[in-house]
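Residue numbers (my numbering), protein chains in the order written: chain A, 1 to 588; chain B, 1 to 403.
Among the hints, erroneous ones may be present.
[To be verified] Estimated spans, in silico, between C-beta atoms of each pair:
id, chain 1, residue 1, chain 2, residue 2, range
1, A, L272, B, L14, 46 to 54 angstroms
2, A, N257, B, V98, 40 to 48 angstroms
3, A, E585, B, A57, 41 to 49 angstroms
4, A, L197, B, L14, 47 to 55 angstroms
5, A, L272, B, R117, 55 to 63 angstroms
6, B, V380, A, S495, 23 to 31 angstroms
7, B, I97, A, L197, 52 to 60 angstroms
8, B, G12, A, V142, 29 to 37 angstroms
9, B, Q21, A, M260, 55 to 63 angstroms
[Stated by the list, open to error] Just a sample of chain A residues kept apart from chain B, beta carbon distances all over 10 angstroms, derived:
id, residue
10, F15
11, W127
12, L134
13, H275
14, E545
15, H546
16, E554
Just so you know, these hints were derived from the structure itself, not from any lab.
The C-beta atom is built at its ideal place from N, Cα and C for all residues, glycine as well.
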Amino acid sequence: MGHHHKENFFSKYIFSMDHKMIAKQFLLTGMFMGVVAMVLSALFRMQLANPGSKNPILEFLLGSNYVTEAGAMTPDAYLALVTIHGTIMVFFVLTGGLSGTFANLLIPLQLGARDMASGFMNMLSYWFFFLSSLIMIASFFVTGGPASAGWTIYPPLSAMELAIDGSGLGMDLWLISMTLFIVSSLLGGLNYIVTILNLRTKGMSMTRMPLTMWAIFVTAILGVLSFPVLLSAALLLVFDRTMGTSFYLSDIMLAENGIMQVLAHDGGSPVLFQHLFWFLGHPEVYIVLLPALGITSEIIATNSRKPIFGYRAMIGSIFAIGFLSFIVWGHHMFITGMNPFLGSVFVFTTLLIAIPSAIKVFNYIATLWRGNLQFTPAMLFSIALVSTFITGGLTGLILGDSALDINVHDTYFVVAHFHIVMGLSAIFGMLAGVYHWYPRMYGRLMNLKLGYVHFWGTFICAYGTFFPMHFLGMAGLPRRYYDNTAYPMFESLISINEVVSFFAITGAIIQVIFFFNFFYSMYRGTKSPQNPWKSNTLEWTAPVEHIHGNWPGEIPTVHRWAYDYSKPGKKEDFVPQNVPLSKGEKEH
Amino acid sequence: MDLNFILKIVIGLLVIITFFQVIRLIELSSRLAENKDEVTDRSNKINGILLFISGFALVAFFFWQRAQWGYLTLQDPASEHGVLIDQLWDTTMGLIIVVFLILNPVLFGFAFLYRGRKNRKAYFISHNNKLEIFWTAVPTVVLSGLIVYGLMVWGDVTNVNNAKGGIFIEVYAKQFNWTARYAGEDNKLGDGHVRFYAPTNPLGVVTDNMYKIQSEDLDEKIIIDKEKLLVEKNIGKQKTISDRIDRNIAKQKMFKAYYNSISEEERKSGEDDIVVAELYLPVNQKVAMKFRSQDVIHSAYMPHFRAQMNCVPGLSTQFVFTPTKTTEEMRKNPDIIKQVKEANRILEGKGQQGNVEFDYSLLCNKICGNAHYNMKMKIVVVSQEEYDIWLKEQAETRMIKNM
Chain A
1 MGHHHKENFF SKYIFSMDHK MIAKQFLLTG MFMGVVAMVL SALFRMQLAN PGSKNPILEF
61 LLGSNYVTEA GAMTPDAYLA LVTIHGTIMV FFVLTGGLSG TFANLLIPLQ LGARDMASGF
121 MNMLSYWFFF LSSLIMIASF FVTGGPASAG WTIYPPLSAM ELAIDGSGLG MDLWLISMTL
181 FIVSSLLGGL NYIVTILNLR TKGMSMTRMP LTMWAIFVTA ILGVLSFPVL LSAALLLVFD
241 RTMGTSFYLS DIMLAENGIM QVLAHDGGSP VLFQHLFWFL GHPEVYIVLL PALGITSEII
301 ATNSRKPIFG YRAMIGSIFA IGFLSFIVWG HHMFITGMNP FLGSVFVFTT LLIAIPSAIK
361 VFNYIATLWR GNLQFTPAML FSIALVSTFI TGGLTGLILG DSALDINVHD TYFVVAHFHI
421 VMGLSAIFGM LAGVYHWYPR MYGRLMNLKL GYVHFWGTFI CAYGTFFPMH FLGMAGLPRR
481 YYDNTAYPMF ESLISINEVV SFFAITGAII QVIFFFNFFY SMYRGTKSPQ NPWKSNTLEW
541 TAPVEHIHGN WPGEIPTVHR WAYDYSKPGK KEDFVPQNVP LSKGEKEH
Chain B
1 MDLNFILKIV IGLLVIITFF QVIRLIELSS RLAENKDEVT DRSNKINGIL LFISGFALVA
61 FFFWQRAQWG YLTLQDPASE HGVLIDQLWD TTMGLIIVVF LILNPVLFGF AFLYRGRKNR
121 KAYFISHNNK LEIFWTAVPT VVLSGLIVYG LMVWGDVTNV NNAKGGIFIE VYAKQFNWTA
181 RYAGEDNKLG DGHVRFYAPT NPLGVVTDNM YKIQSEDLDE KIIIDKEKLL VEKNIGKQKT
241 ISDRIDRNIA KQKMFKAYYN SISEEERKSG EDDIVVAELY LPVNQKVAMK FRSQDVIHSA
301 YMPHFRAQMN CVPGLSTQFV FTPTKTTEEM RKNPDIIKQV KEANRILEGK GQQGNVEFDY
361 SLLCNKICGN AHYNMKMKIV VVSQEEYDIW LKEQAETRMI KNM
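Next up, chain B with everything else stripped away, as it sits in the complex (with noise of 0.2 angstroms):
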């Protein structure tokens, strides 16, 4: 059956019912004319129980969703990081819901316990300072725990001396895909900039191999063009020919300029770099991961890692985390395979094939562009001897030097 279909006739349907419920309504006020518009001990008793009865649906609905939607929240976090972030998540967690399961009711109990009545008289208090201080201190006592909690665990995962002992991974961003980079042996990224880029080092590597295809190519064009400005009658197209030279030229000064900018051994620890479309992961090695972005702001997000990190452009980020699954290993959560069975029932009622598997996956989570939603690499932490053959494969044909 077409959903949509469905949700028109519905939307149909409420409106004609709320149509008619509100000219039924303004004619039975109207009817009962007197004492329209005034609250009166009914409504005030009607509307005291139906508040009474709000609080309790709240805390049943929250309780429901649970039930309902629990098993579709992220799983036990995949790095070592995220079992601390998961740890001052439930803390917190547990707090506020404890909080809300209390004070909801107690709004609304209060509002059903004091409801209106002719008869009776309100208990003038205007301020008690002594209940004002408690309920200053009591917050800021929890607060200040949750605050100290808080940045010991942000200490952690930030720590800019994290990245010791991690290989080191360059993700890259641009509408709308990305594209990793491994350090190769020296486990050293090469430096890289848009000004590098050719069809064949999208990363825009920096190395001397690179800078000598891209620097006689773009003599060559400054060359040709120079020819055909000596055979060109037209004299519009003269200016444009001109034009362009003067535009290589300054093009080909500021890419030497940015060249001889960085230093040679940066440019030979490039060489060895392996640019790939996937993101392959040693279980159990730390993973320092460098961002960077060619034109918009993207964010990396890595849910189940707990990782996430802007990739802006001219702006180098950094997030260092350590894999503790495989994704071997996750697909064994009995959540996720709950997970995965409901999203295969629903592929194949749509009539597509359901044969879809958990995979970790990097999501763009900074609005990007039109294709944002759609952002996507597939992330695979596997053994340790799987990643070396893995990489070892990749770098014989996707390695900068070879390519």
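Isolated chain A, as found in the complex (with noise of 0.2 angstroms):
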């Protein structure tokens, strides 16, 4: 193993292959977009809570481009922050910072494996990863600025840059960055799917597994099964841009300037670009969604000194879930002029998805009854989490039936639907994650009351944010409007948009408290014991200090499933997967 090896700073810190400092890297990474991400967003929600104001910070940040002459955001800017934003969030914070950070660190410790299946291809994942951030941002700096065709770059708005600025030079940019993203994905992917299948160590069957493994298992395979439909969906936009042919494209005219000037592009569909699309985007909802589910489950029965309730059936409905997001993409489409008959198909795969929905909503309940719930941050997260994924999955019940999405598709019901059911559900499983795992990262504990304060502050400010934007789409307010007092009738929606800004901005001044206390515990925080949450897992018998290959000398042997806590006739109220069964005592 790597002992054998002297290690240097570069093969340590930065080409390393090691999975725990992989792990590593990807959160910094995606927490470092995330701050990025966030900044966009607090920029744009300045815009909107006071249409046309000065906006020196935007100025500061990124220079006069994005600026009018009298310092207000221009339209262009705030399109390109939007769609930055939303690409940023979905891509490089919550499918590379979430499943990079998490499927890196507990694949091989919660399996009792010495590595990933191949450390080489785990570490280009992490490179390609680090590339396309790079890119990604570098984009905002070309001219034209950076991709602003909203994050689901449809064509023939994205294909054209005479349509709009940001569809030149900074689309390629999209374009290249998303790519390697997805290069990177499928390396990590596959990888994670190899070692769940065939390193597990003696005794670890699957259905011993913790349900993050199982998360993480199923969120690979959507990965790795979606994101190539996406590649080919980008070559052939590609192809359009550069090379003249018409996938997408047909009876087309723009003005060049000032001449009305008709494309040669003919037979193309702008819908084909959404199907491939789409068939990625839905499952990547649950690429997002899932780790973060897994990784609740897991805190939860911790915290909750419980076994996580009706085990088979999460495992049953992460798989449910994993499958019908394969045949739900036509309910992003309903008013894109499709065939109704296709419509009515989808809206009823899309219904379904709240069945196995429902049924880990009741088992998380189910789990907190008659526990004896310790309130760590992460806990609280993973609480929380439970409360938006019901919150915002029920408006799902609105948006996937197709004669209701007629008024409120594309407007901010919408965007306070999957904010609320994928953004902070992700992301508060993220937090809870990093809070959970962090001993098992840097081997000293987060200061506990700024992880309090730190989750007041998030929960309030994330609902006060959210929830009134079902409000600003009832009213019918399309989304991605730079200014809504273009329409007098959307005046008075000003109000709601103060709000929703106050608690935006607020809320990303707090996560100030997380990042310092992530920093500051590095050096600072106390010193964590081998197994400070007192969890049955088996990453928390591997030593405090990190060694290649994890643990010393053999690897555990697993004897019985991950979640016997509190189990009767036991002195403690945990029992380690690696414990033999005692005489005559059943497996659960």
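Hints given; two lone chains; assemble the complex.
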């Protein structure tokens, strides 16, 4: 193993092939990207609460191209900000940052493996991710600005520079960055699947795996099956943009220097792109959400000091959600002029997802029932996740119903829905995971009180930001509007927008506490015991100090499932997975 | 007072306060050294109580918002099918709200009730088949009902036969405005295509007359270029001109081919079409809207009628609905009156004239470029008589054959 080699700075910290170091690299990069995306959102929330106001911060950060002569944000800049905010949050923070961190950290440790199946591929996966992050950020500084066609980059808008400035070099960089990102995600995903299938320690049968592993396993399968479709969609878009093909373009006329030009493209369909995009796009929602739910399952069980309720039903729901997520993409396209009958099929499959989701929620609540809940910040964030999963999931019943979608499609109602159910839930899951496994990553505990302050601030601001957006949507306000005062009837919505912006910006500032706590505890935090949360899973049987190969001697053997908390007849309220069954003890 | 200024001060203050709090907290917690960073009964109790409050605070927040902003949400539907949609909406929303109001307090209530205490032991239970079957079955039954109900409404709203008996209107989208085309006396919209665009024919309607004018125009351009080519000495410029000739010949060819692919009957039906920049709709008359776009995807969103359809270049889409309330009637809705009053108050606060009145509008609801937020068209719903008069007026100047 690794201790035969001499480590130098580069092989230890930069081009490391150790899964624990790679996990930390993913986490730090993801956190950095998260800050970028959050700052972008704070900037456009300022514009929305106070349309056309001066924005010196924007000018300071991105230069004068982004502001009008009067110092206010330009409409182009607004669209650029929302586009890149969405792209970074969905892909870089909640896919790369979340899966990359916890899949890499936990797969070998929870399954009892020395490392991932391929350390080299794992390293490549991180460096592709890093490169794609750099390129995405670099796109802010090119002529015309970054991609501005929305994170869904629907052509024709994204195909022609004549349609919007951001569809020039900025869109090229977006496509290059996403291609690298997809490569990273595929390298990582294949590695996760192979490791989970092949490198489980003795006794770790699939049905003894912690739910985190199941969630990450299904997530990786979703990613491997759906990301290549986005790659092909992006490549065809590149062809349309640069080689004159017409996959997505037809019957288009645009003004060039004031003269109308009919483009030569003929016979393509913009709707084709949407089909390809959402074939990834919908599974992507669960690629973001499932790892968070897996993390939560683990944390809620541990801190309730109770087995997760309905372990098999939880696995079943993860699979059901994963499977259904591939046959619901059309609900993003009810009003594209798609055949109404096809729409009906998608309504049917979409609303079915509510069943496994409901099972999960009930199981979480049942796990809390008669537990002995230990409110660590991780536990608080997990409970908050269940709450946002309920609140945001419920409005999915409206958006998934095509007849209702007609009137709220692309309004703020959608923005509220997906930010709560996907954004908040996944972010809460990620934060819960960081608080919970921080001792495993850095050998120290994060400060508890700061954790509490961070949690309560974040929780309040999260609901304060996204709940009122439902009302904006029900008032008929479309999303991606730079300024709603162009419509006199929307003038009165300013009161809602001010509330939203206040909570959004306050919430962003509160994250300073988290970052402070994160970096401060790295050096000054209380030294962590080996098993600080009295948890059953294998990662807490490894020594606090990171070593190559994870366990100094033999890899522990597994004798039971991960949820023997408060088992009757046991002295302690937890029994780690590597403790053999005592005589006459039933497995569970 | 400049709101932005206040916002900045608030933000600045918050930053400072936050930092101070952070530092203070760090100091405090390190002074309490011994059992720091370990969950205690006390911290469990405090957080449990806070969670308990959260459950009800969330409920209270919800009702507060409804009371505060309820009047801003869309009012009674102004279309026939809108009533169906709103009934479905109310049913679904009612159900959602009930579940929301139950589950959140239960979740947070459990958190409080079962907060950790040192001498407690949790109850070991791993599953309960009966209970699990029950809570799988209940959502399944409820959702089946919702799916069937939803699909019935969807089927009614999107039925292809709906267009029968409607007046045909084309809504044409481009960056960044809308144009409408009425079908005229024959109630048939002629074909339109971007290749037929001319400043006098912005929607590219294909008629014999338009073909003649535009084709002659192209011929003329080619002839002029050919003459120029004979006298041009500069080789570079010769190349530019001959390229242009080739392009125009190719254009002419495609133009002709497209023209020939359209039947004579269809070309005739375009002649009495009327192109206008405002939508007038007769009340209680079915309207079959056809949508086209010339550049990127737009979405024609008419929230008060519960109507929306994307406008996709290269694809013709359709939405059929029947307006049931005139603009005048809608202006008498008490919530609308309140909303208009509020809007005028805000406008006056900004030093503008506060004389806004309610109007239906058609908004663009698919990101389409930098002026996306300002791509709108006024819709006026009037009585049949007023509509007939208006259309007649428009026909005089705005009919294709007169343009």
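Quick one: which hint numbers does this structure break? Sort them smallest to largest. Hints 2 and 7 not satisfied by this model.
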